[in-house]
Every structure is written in structure tokens, then in C-alpha cells.
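There are 2 protein chains.
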Amino acid sequence: MAVFARMTKGQVRFYSAPLDMVIPASKKKYIPTSGTYPKGFSVSGTHVGVKASNTKFPDLALIASDTPCSAAAVFTTNKFQAAPVQVSKEVLEKRQGQGIQSVVINSGCANAVTGRGGYEDAVSMGATVDKCYGLNEPSTLVMSTGVIGQRLPIDKILSKIPTAHSNLSSTHNAWLTTARAICTTDTFPKLISQSFTLPSSPGRTYSLAGMTKGAGMIHPNMATLLGVLCTDAPIVPSALKSLLSHAVSRSFNSISVDGDTSTNDTVALLANGAAGGAPINSTSSDDYAAMQEILTSFAQSLSQLVVRDGEGATKFVTVRVQNSPDYESARTIASTIARSPLVKTALYGRDANWGRILCAIGYAQGVAPGTVIPERTSVSFKPVDGSPILKLLVNGEPETVDETRASTILQDEDLEIVVDLGGGEKGDKGLGGEEAVYWFCDFSHEYVTINGDYRT
Amino acid sequence: MAVFARMTKGQVRFYSAPLDMVIPASKKKYIPTSGTYPKGFSVSGTHVGVKASNTKFPDLALIASDTPCSAAAVFTTNKFQAAPVQVSKEVLEKRQGQGIQSVVINSGCANAVTGRGGYEDAVSMGATVDKCYGLNEPSTLVMSTGVIGQRLPIDKILSKIPTAHSNLSSTHNAWLTTARAICTTDTFPKLISQSFTLPSSPGRTYSLAGMTKGAGMIHPNMATLLGVLCTDAPIVPSALKSLLSHAVSRSFNSISVDGDTSTNDTVALLANGAAGGAPINSTSSDDYAAMQEILTSFAQSLSQLVVRDGEGATKFVTVRVQNSPDYESARTIASTIARSPLVKTALYGRDANWGRILCAIGYAQGVAPGTVIPERTSVSFKPVDGSPILKLLVNGEPETVDETRASTILQDEDLEIVVDLGGGEKGDKGLGGEEAVYWFCDFSHEYVTINGDYRT
Numbered sequence: 000m001a002v003f004a005r006m007t008k009g010q011v012r013f014y015s016a017p018l019d020m021v022i023p024a025s026k027k028k029y030i031p032t033s034g035t036y037p038k039g040f041s042v043s044g045t046h047v048g049v050k051a052s053n054t055k056f057p058d059l060a061l062i063a064s065d066t067p068c069s070a071a072a073v074f075t076t077n078k079f080q081a082a083p084v085q086v087s088k089e090v091l092e093k094r095q096g097q098g099i100q101s102v103v104i105n106s107g108c109a110n111a112v113t114g115r116g117g118y119e120d121a122v123s124m125g126a127t128v129d130k131c132y133g134l135n136e137p138s139t140l141v142m143s144t145g146v147i148g149q150r151l152p153i154d155k156i157l158s159k160i161p162t163a164h165s166n167l168s169s170t171h172n173a174w175l176t177t178a179r180a181i182c183t184t185d186t187f188p189k190l191i192s193q194s195f196t197l198p199s200s201p202g203r204t205y206s207l208a209g210m211t212k213g214a215g216m217i218h219p220n221m222a223t224l225l226g227v228l229c230t231d232a233p234i235v236p237s238a239l240k241s242l243l244s245h246a247v248s249r250s251f252n253s254i255s256v257d258g259d260t261s262t263n264d265t266v267a268l269l270a271n272g273a274a275g276g277a278p279i280n281s282t283s284s285d286d287y288a289a290m291q292e293i294l295t296s297f298a299q300s301l302s303q304l305v306v307r308d309g310e311g312a313t314k315f316v317t318v319r320v321q322n323s324p325d326y327e328s329a330r331t332i333a334s335t336i337a338r339s340p341l342v343k344t345a346l347y348g349r350d351a352n353w354g355r356i357l358c359a360i361g362y363a364q365g366v367a368p369g370t371v372i373p374e375r376t377s378v379s380f381k382p383v384d385g386s387p388i389l390k391l392l393v394n395g396e397p398e399t400v401d402e403t404r405a406s407t408i409l410q411d412e413d414l415e416i417v418v419d420l421g422g423g424e425k426g427d428k429g430l431g432g433e434e435a436v437y438w439f440c441d442f443s444h445e446y447v448t449i450n451g452d453y454r455t
Numbered sequence: 000m001a002v003f004a005r006m007t008k009g010q011v012r013f014y015s016a017p018l019d020m021v022i023p024a025s026k027k028k029y030i031p032t033s034g035t036y037p038k039g040f041s042v043s044g045t046h047v048g049v050k051a052s053n054t055k056f057p058d059l060a061l062i063a064s065d066t067p068c069s070a071a072a073v074f075t076t077n078k079f080q081a082a083p084v085q086v087s088k089e090v091l092e093k094r095q096g097q098g099i100q101s102v103v104i105n106s107g108c109a110n111a112v113t114g115r116g117g118y119e120d121a122v123s124m125g126a127t128v129d130k131c132y133g134l135n136e137p138s139t140l141v142m143s144t145g146v147i148g149q150r151l152p153i154d155k156i157l158s159k160i161p162t163a164h165s166n167l168s169s170t171h172n173a174w175l176t177t178a179r180a181i182c183t184t185d186t187f188p189k190l191i192s193q194s195f196t197l198p199s200s201p202g203r204t205y206s207l208a209g210m211t212k213g214a215g216m217i218h219p220n221m222a223t224l225l226g227v228l229c230t231d232a233p234i235v236p237s238a239l240k241s242l243l244s245h246a247v248s249r250s251f252n253s254i255s256v257d258g259d260t261s262t263n264d265t266v267a268l269l270a271n272g273a274a275g276g277a278p279i280n281s282t283s284s285d286d287y288a289a290m291q292e293i294l295t296s297f298a299q300s301l302s303q304l305v306v307r308d309g310e311g312a313t314k315f316v317t318v319r320v321q322n323s324p325d326y327e328s329a330r331t332i333a334s335t336i337a338r339s340p341l342v343k344t345a346l347y348g349r350d351a352n353w354g355r356i357l358c359a360i361g362y363a364q365g366v367a368p369g370t371v372i373p374e375r376t377s378v379s380f381k382p383v384d385g386s387p388i389l390k391l392l393v394n395g396e397p398e399t400v401d402e403t404r405a406s407t408i409l410q411d412e413d414l415e416i417v418v419d420l421g422g423g424e425k426g427d428k429g430l431g432g433e434e435a436v437y438w439f440c441d442f443s444h445e446y447v448t449i450n451g452d453y454r455t
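If you're matching them up, the sequences are chains S and L in order. So the first sequence is residues 0 to 455, counted in numbering that gives the first Met the number 0. So the second sequence is residues 0 to 455, counted in numbering that gives the first Met the number 0.
It is worth saying that the hints were derived from the structure and are not from the lab. Treat the hints with care, as some may be off.
Where chains are identical, the list cannot tell them apart; a pair therefore holds if satisfied intra-copy or between any two copies.
Straight-line alpha carbon distances no greater than 20 angstroms define the calculated DMTMM-like cross-link-like pairs of lysine to aspartate or glutamate that follow [said to hold, decoys possible]: (1) Lys-78 x Glu-327; (2) Lys-78 x Asp-325; (3) Lys-27 x Glu-412; (4) Lys-78 x Asp-419; (5) Lys-27 x Asp-413; (6) Lys-93 x Asp-285; (7) Lys-78 x Glu-396; (8) Lys-78 x Glu-374; (9) Lys-78 x Glu-424.
Let the hints inform the model, and build the full structure from the sequences given.
Quick look at the structure:
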């Protein structure tokens with residue numbers, strides 16, 4: 000066992016962030032070499048040394064707009080909410096989603112379960128940023144990620160905030176350094192950007208940029224998901240809130256690495272309107288509809304990077320539950336499949352084990368009655384190479400599976416599982432066309448090693 | 000990776016059932032060398048060869064009473080219910096919980112997702128047993144465990160039922176062979192028995208025996224939990240049903256190996272009254288209350304053996320959630336902790352990671368509002384050696400943990416985690432004393448290896 004443990008320890012280096020921050024060759028393709036960043040935003044990644052062992056890598060991120068923004072955020076539903084979550088909520092509430100100018104983030108310490116002192120630390124992080132702008136009203140959102148149950152080295156952080164402010168820049172490299180500053184054991188920084196237009200002014204170019212960090216941990220902290228999205232489109236707070244909520248439910252809240260929800264999870268969206276044009280101020284406008292589609296798809300791409308970097312992950316799996324009588328039930332079923340340890344280990348083993356998928360469909364809790372009718376349920380694998388789907392179960396009857404083909408499909412890093420509910424009990428009336436999608440990764444030996452590792 | 004895969008393949012032999020059915024030395028202590036079995040019951044374990052590779056081990060179990068019994072059963076809530084589950088439900092319903100004489104069980108094939116043919120196979124298994132007794136009405140419960148999506152080799156099974164019937168015996172060895180016959184990848188047979196008395200006739204000795212099988216699988220089937228309990232106490236069907244339901248919710252439904260719920264899970268209780276005395280026919284009698292306590296505690300001991308034999312398990316963990324305003328919320332929190340992959344891997348790594356426990360408490364879904372108040376929540380480890388508890392979090396404030404002591408406590412195979420909710424929002428009124436207990440095991444490399452193994 001000692002030999003075994005040593006071997007798997009060796010394996011970890013390959014899957015979790017190496018100390019020298021060298022990005023694994025297989026992950027380099029996920030890192031952009033250029034970007035289209037929103038006007039009026041500048042960013043910086045600065046070294047503080049929140050963890051004493053970090054002597055040179057940036058661990059303080061500042062994302063700032065030249066002008067006040069509309070802002071919205073989606074927070075963890077965990078009952079133990081970290082101090083920065085409480086503070087950011089209060090700031091957004093107080094400012095009613097307007098007048099937000101920056102987001103400040105530290106990695107290395109989550110400032111969670113730290114009591115009154117921790118709360119004050121989070122407040123002072125925001126206030127110190129505000130001071131750099133000469134702002135008296137709280138205008139900064141605060142996020143932290145890392146170890147739980149420990150206080151921030153707050154003096155070190157505060158003393159470096161002016162440096163972070165003077166480091167602000169709008170270059171691609173600055174965005175990449177900032178994306179890296181929010182990482183913990185992520186093996187690569189997660190940053191994407193794109194330009195887009197809106198129906199009301201087709202000649203005007205808007206941009207959207209986002210960074211996120213994934214489920215990674217160094218003992219004794221927890222997986223923490225953070226995300227910041229910035230756009231130069233003009234959007235009023237109420238519309239922004241609704242846009243973000245729709246997008247997050249179909250992206251960051253539709254991914255699963257291990258099914259645990261941390262105390263710090265926060266995704267924020269800032270819109271400064273720097274690109275001009277008519278503001279999106281109604282949820283029924285064409286611009287709103289277009290923005291919803293753009294933002295949701297963008298958030299999906301960004302959140303998928305978290306799954307790509309899931310701890311110990313060897314596979315990236317899309318599960319699509321279609322022809323459901325309602326969206327929520329479809330999503331619950333997709334989520335249950337994505338969280339099943341039996342499904343996740345079978346995928347790691349490249350095993351076409353549809354029985355476990357079926358089992359998860361069958362025990363999903365909170366699914367509306369009449370959604371799952373065994374005789375109407377079909378399961379198939381959709382290969383990513385565009386070859387025909389492989390049917391595993393059709394209307395509740397097992398197919399004779401071509402195991403060689405199944406095995407070939409499962410060799411790919413990517414896989415799509417399609418569950419067709421046939422409309423449930425409404426299927427005979429031709430009803431039930433709702434669809435939900437979830438993205439998840441497998442459970443590997445490395446996952447266990449990373450998360451079972453001794454605190455040394 | 001190839002070397003690594005080979006090594007872990009080698010490891011598996013150590014943790015899952017060896018082909019020669021040799022019981023691992025560490026598990027021998029769980030196998031009784033004698034028993035106190037209920038009067039009027041006889042049992043047998045017979046070789047059929049449901050799986051062609053099984054050339055000699057018993058895989059057909061018959062548990063029979065000399066006289067008709069009251070019977071009750073708790074079945075899986077999975078929507079894809081295996082054929083034997085459907086058949087046993089129908090038999091119990093048709094007979095209204097009376098007149099049941101036997102339980103017939105095969106291992107090696109779950110007879111799940113097998114359509115109309117599979118249903119008929121399950122019916123004929125029961126009918127063939129009934130014929131041995133010359134019974135015309137369906138009087139046999141049917142269970143199956145093993146591979147999913149494959150038809151039973153039904154002719155082989157039916158042809159051996161008369162042999163199983165003639166093999167019936169009431170010796171300890173017969174009970175042990177029968178308990179072994181229902182195993183799949185269990186590393187040891189799970190059988191316990193005890194004698195007891197009831198308040199109404201303190202001089203009369205009753206007995207209770209039970210066998211179960213655990214979460215184990217050989218591809219491509221799923222974890223399947225089966226249990227059969229027999230007593231010679233006289234209990235009417237309505238009381239029996241209520242007794243079993245109470246006991247199962249606090250035992251078989253309060254354990255977690257991996258959180259997956261199979262299509263075949265069934266726990267049945269038969270009472271033949273052979274030991275005489277006044278029947279338990281009211282849920283308000285003293286005998287009922289005594290029987291409830293005996294049965295629940297017995298079912299807990301039996302179900303704990305499943306956790307002891309969890310796939311790849313290296314730890315046996317009790318999680319006790321106390322001072323909750325209501326039982327159901329306490330149970331949901333206990334269940335969420337027991338299913339958290341982060342908690343399970345930390346325990347495997349012997350890591351006193353209370354942050355993950357807290358995180359799971361905080362994201363437990365379906366907990367009544369006001370149950371979890373961060374400032375009233377405490378978490379501690381209770382060592383099994385009787386030494387003082389180790390406080391990790393007290394009223395929401397982290398303790399300075401003696402890591403050496405924590406590490407010592409975590410070296411033990413057994414651990415108890417105590418979560419004290421302090422009465423939730425009712426704590427200030429001195430209310431909220433409900434308690435729920437869950438038993439679970441860790442997630443190890445071996446779990447991943449066993450469940451990710453290639454179908455070869």
C-alpha cells in the first residue's frame with residue numbers, strides 16, 4: 000500500500016496545478032493567445048503571498064471599470080456563506096445593482112467561517128479599492144477562494160491594493176495574468192472573450208470577457224467556483240440580473256465535478272455601457288433576447304472550462320435530457336446522472352454501462368410525476384466525431400450493443416449522453432419537448448488521491 | 000499509466016470478492032460461528048450457475064417457513080423497478096401480507112430491464128417454489144441481484160428449485176450457505192441472529208434472523224441491496240408493515256456506500272408465529288413498542304455489515320446529527336454528509352477536514368428553514384476508544400485543532416462524526432432534540448478501480 004500511495008502521489012503532479020505553474024501540454028489549447036475585451040475595463044493580477052509558500056505568483060486580482068457599472072451576481076446557496084459573499088451581497092443590495100466599479104479577488108484563503116473579524120476583512124478589502132478611486136460609497140464586489148477557517152493576511156492584502164490599482168491594464172496579457180491570479184489548484188487560467196452585435200444597432204461592436212476558476216483545493220479548503228463577466232453593452236440592473244440568472248442556471252449551475260457546493264461560489268456580471276447604444280432596459284425587447292442567447296452561450300463555454308479542469312478528470316461529458324414534459328425535471332435528471340459515482344467511475348473505465356445511467360434516471364429525486372415512463376425512455380451515446388449515435392436503450396428495451404464501437408466512442412475525451420424521455424406521460428399527445436443539458440467529468444483514481452491527500 | 004492500471008487491478012483482488020470465495024482475514028470477525036434461529040424456518044443455498052463462470056458456488060437461496068407467514072417488504076423507489084420487485088409487490092398485495100411461505104433469491108443476474116419475458120421469469124420462479132409446497136396461490140417472494148439488462152437462465156434456475164427445496168435445513172451452516180448464495184461481489188456473507196422476549200410473555204423466547212447483501216457489482220450490473228429477516232414472533236400484517244418501515248428507514252435507508260439506489264433493492268420481513276404467544280396486532284401495545292426497538296436495532300446491525308463491506312471501503316463512519324428541530328431535516332443532513340465525495344475522500348486520506356463536513360451541512364437540500372443556524376452549529380469527532388471527543392467547530396467558530404490527536408483518531412477504522420445543530424432557530428427555547436444517524440464508508444482508490452474496471 001505504501002508503494003501504491005507513493006505512485007498515486009506521483010500521478011497527482013500530472014493532474015493538479017504544478018508548483019511552478021507550468022501548464023500541462025494537454026491543456027494549452029484552452030488558453031487564448033489573444034482576446035476581444037470590453038471597452039473601459041482594465042484588470043491586474045498582483046503578487047501578495049496570501050499563502051506564505053507563494054513567493055511569486057499573482058494571487059490578487061482586480062477587475063475595474065473606468066466608469067460605474069450595472070452589476071448583478073449569483074451566489075452560493077450554501078447556508079455557511081463566506082464573509083466576501085455576505086459583503087458583496089450587501090454592496091449590491093445597497094447600490095441596487097448600480098454604481099459598481101470593481102471586483103477584487105484574492106486566492107489562497109477563502110475567508111470562510113472566520114466570524115466577525117473575517118467579515119471586517121472583506122469590508123476593508125472593498126473599501127481600500129474604493130479609496131483608490133476616491134469613492135465614498137461601497138462600489139467594489141469582493142471574492143475570496145482557498146483555505147477555509149483561516150483569517151486572511153489582511154494587512155498584506157490591503158498594502159498591495161494600491162499596487163494592484165496602478166497595475167491595471169487592458170492588454171490581453173493583463174487579462175490572462177488576472178485570470179491566473181484567481182486560480183488555486185486549477186491547472187490553467189480560464190479566460191474567454193468575444194465580440195457581438197445587438198439587433199437595435201447592428202453596426203456597433205460590443206464585447207464580453209469572462210474569467211473563472213474551478214473546483215480545485217489544497218487542504219483544508221473546499222472547491223470554490225468564482226466567475227467574473229464584463230461587457231461594454233449598456234444594460235440596466237433589473238435586466239442584467241435576469242440575464243445573469245438565466246445564463247448561470249444553464250451554465251455554472253449545470254456543471255458538476257463532484258456535486259459539492261461551496262461556501263464561496265460567486266459569479267458576477269458587470270456592464271459599463273462603454274460601447275454606447277440604447278440600453279437594454281426591458282426583458283421583452285429584441286436586444287434582451289439576443290443578449291440572453293449570447294450571454295448564456297458564453298457562460299456555458301466559460302463554465303465548461305471548469306469541467307475540463309475538474310480534479311483528476313479524464314473525460315468531458317455532456318448529458319442531454321430531451322423530450323421532457325418540463326425543464327426542471329429534465330435538469331434534475333441530468334444533474335443526478337452527472338453526480339452518480341457509479342456513472343462517473345464507469346466513464347473513467349470507458350465502460351458503456353447504460354444500466355447505471357438508467358438507474359440514476361430512476362432514482363432522481365424531485366422529478367415531476369409522469370416524467371419518467373420506463374417504456375418511453377431511451378438512452379444513447381452521441382460520438383463527438385459526427386458518426387451515427389449508438390443506441391443503448393430504446394423505449395425501455397435494451398439494444399444489442401456493438402461493444403467494439405462503444406469502446407471506440409469511449410476512448411475519446413469528449414462524449415455526449417442523450418436521454419430521451421419521449422415526452423413522459425404526455426408523449427402520446429406529442430407534448431413534452433423540454434431539454435436540459437449538464438456537463439460533467441469522470442471520477443478517477445486521481446480525484447481520490449487529490450482529495451484524500453494528507454495535509455502535509 | 001499502464002503500470003498504474005495494472006497495479007490497481009492487482010489491488011482489487013484484495014478488496015472485492017476473490018473468485019475462490021476466500022474471506023479476507025480482516026472480515027472474518029463479522030461472520031458468526033453459531034446462531035439463534037427462529038423456529039419453523041428452514042433455508043438452503045444451492046448451486047445453479049446463473050453466471051456461466053460460476054461452476055460451484057451457491058447462487059440460489061431459498062428461505063422457507065413450515066407454515067404461512069405474515070410478510071412485509073420495503074422496495075426500491077427507483078422508477079425502473081426490476082421484474083422480481085414488481086412480482087413480489089403483486090404477491091404481497093394479492094395476499095394482503097398473509098399466507099407467504101417462502102422467499103426465493105438468485106444472484107448473478109438482476110432480471111432488471113428485461114421486459115415482459117423477465118416478468119414471466121420472476122413469476123415462474125415463485126410459482127415453481129409454490130408447487131414444491133403444493134400451493135395454488137402465489138406464496139413466494141422473489142428477489143434477484145446481479146447483471147442488469149440480461150434475461151435469467153430461467154430453465155437452469157427452475158430445474159434446481161426442487162433441489163433447493165429438498166436442501167432446506169435449519170442448521171447454522173445452512174443459514175450461512177444461504178447468506179452466501181445471495182452475495183455478488185460481497186467479500187463476506189452477512190448474517191446475524193438473536194433471541195429476545197416480549198413484555199406480554201417474558202418467559203417465552205423468540206428469535207430473529209436476517210441476511211443481507213451489499214453494494215457490489217460485476218459489470219455491467221448495479222449495486223443491489225437485498226435483505227431477508229425472519230422471526231418466529233406472531234405479528235399481524237398491518238403491524239409488521241409498520242414495524243419494518245420504521246426499522247428500514249433507520250437502518251437500510253440510513254446507510255450510504257455511494258448514494259446510488261438500485262432497481263432491485265428489497266428488504267422483506269417474515270413472521271410465522273411459530274414460537275407462540277399473543278399476536279402483536281396493534282401499533283399501540285407494549286409488545287409493539289418492544290418489537291420496534293428490537294427490530295430497528297437488529298436491522299441497524301445487519302445493514303451496517305453492508306457498509307463494512309462497501310466497495311473499496313477502508314473506514315466505517317457513523318454520522319450523528321443531533322439537536323435538530325425535526326427528525327427528517329437531521330436525516331437529510333446526515334445523508335448529505337454521507338454522500339459528499341469530498342467528505343468521503345478526506346476520510347480515506349485520514350484528514351480532519353471539518354470544512355467539508357460544514358459545507359455539506361450547508362448545501363443539504365430539503366432541510367426545513369431554521370434548522371441550520373451557522374452560529375449554533377458544532378462539529379466534533381467522537382473516537383471509538385472512549386477517549387474525549389475532539390471539537391472541530393463550536394457554535395460556528397473553528398477550534399484550534401490538535402492535529403496529532405486528530406490524526407490518531409482517524410487512524411482507526413471506525414469514526415463517529417457528531418453534528419450538533421443546537422436546536423436550530425428553536426434552540427433558544429430549549430427545543431429541538433431530534434437526532435438522526437447515518438452510516439457510511441469512504442471513497443478509496445479501490446472504489447474507483449472496482450467500479451471503473453473494464454468489462455472484460
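Homo-oligomer pair classification [Glu-412, Lys-27; C-alpha up to 20 angstroms]:
within (15 angstroms within a copy, 42 angstroms between copies)
Lys-78 and Glu-396: within-copy, between-copy, both or neither at 20 angstroms Cα
Answer is between: at 15 angstroms across copies they meet the 20 angstroms cutoff, but 43 angstroms inside does not.
At most 20 angstroms between CA atoms: does that hold for Lys-78 and Glu-327 within a copy, between copies, both, or neither?
between (23 angstroms within a copy, 18 angstroms between copies)
If the cutoff is 20 angstroms on CA atoms, where do Lys-78 and Asp-325 land: within, between, both or neither? Let me know, please.
Answer is between: at 18 angstroms across copies they meet the 20 angstroms cutoff, but 28 angstroms inside does not.
At most 20 angstroms between C-alpha atoms: does Lys-78 with Asp-419 qualify within a copy, between copies, both, or neither?
So Lys-78 and Asp-419 pass the 20 angstroms test across copies only (15 angstroms; inside, 35 angstroms).
Within a copy, between copies, both or neither: where do Lys-78 and Glu-424 come within 20 angstroms Cα-Cα?
Between copies only: 13 angstroms across chains, 37 angstroms inside a chain, cut-off 20 angstroms.
20 angstroms Cα threshold - placement of Asp-285 relative to Lys-93
neither (30 angstroms within a copy, 61 angstroms between copies)
Regarding Lys-78 and Glu-374, is the shortest C-alpha distance of 20 angstroms or less found within a copy, between copies, in both, or in neither?
This pair counts as between: shortest inter-copy Cα distance 11 angstroms, intra-copy 40 angstroms.
Please work out whether the CA atoms of Lys-27 and Asp-413 approach to 20 angstroms or closer within one copy, between two copies, in both situations, or in neither?
within (17 angstroms within a copy, 44 angstroms between copies)
Violated hints amount to a single one, hint 6; each of the other numbered hints is respected by the structure.
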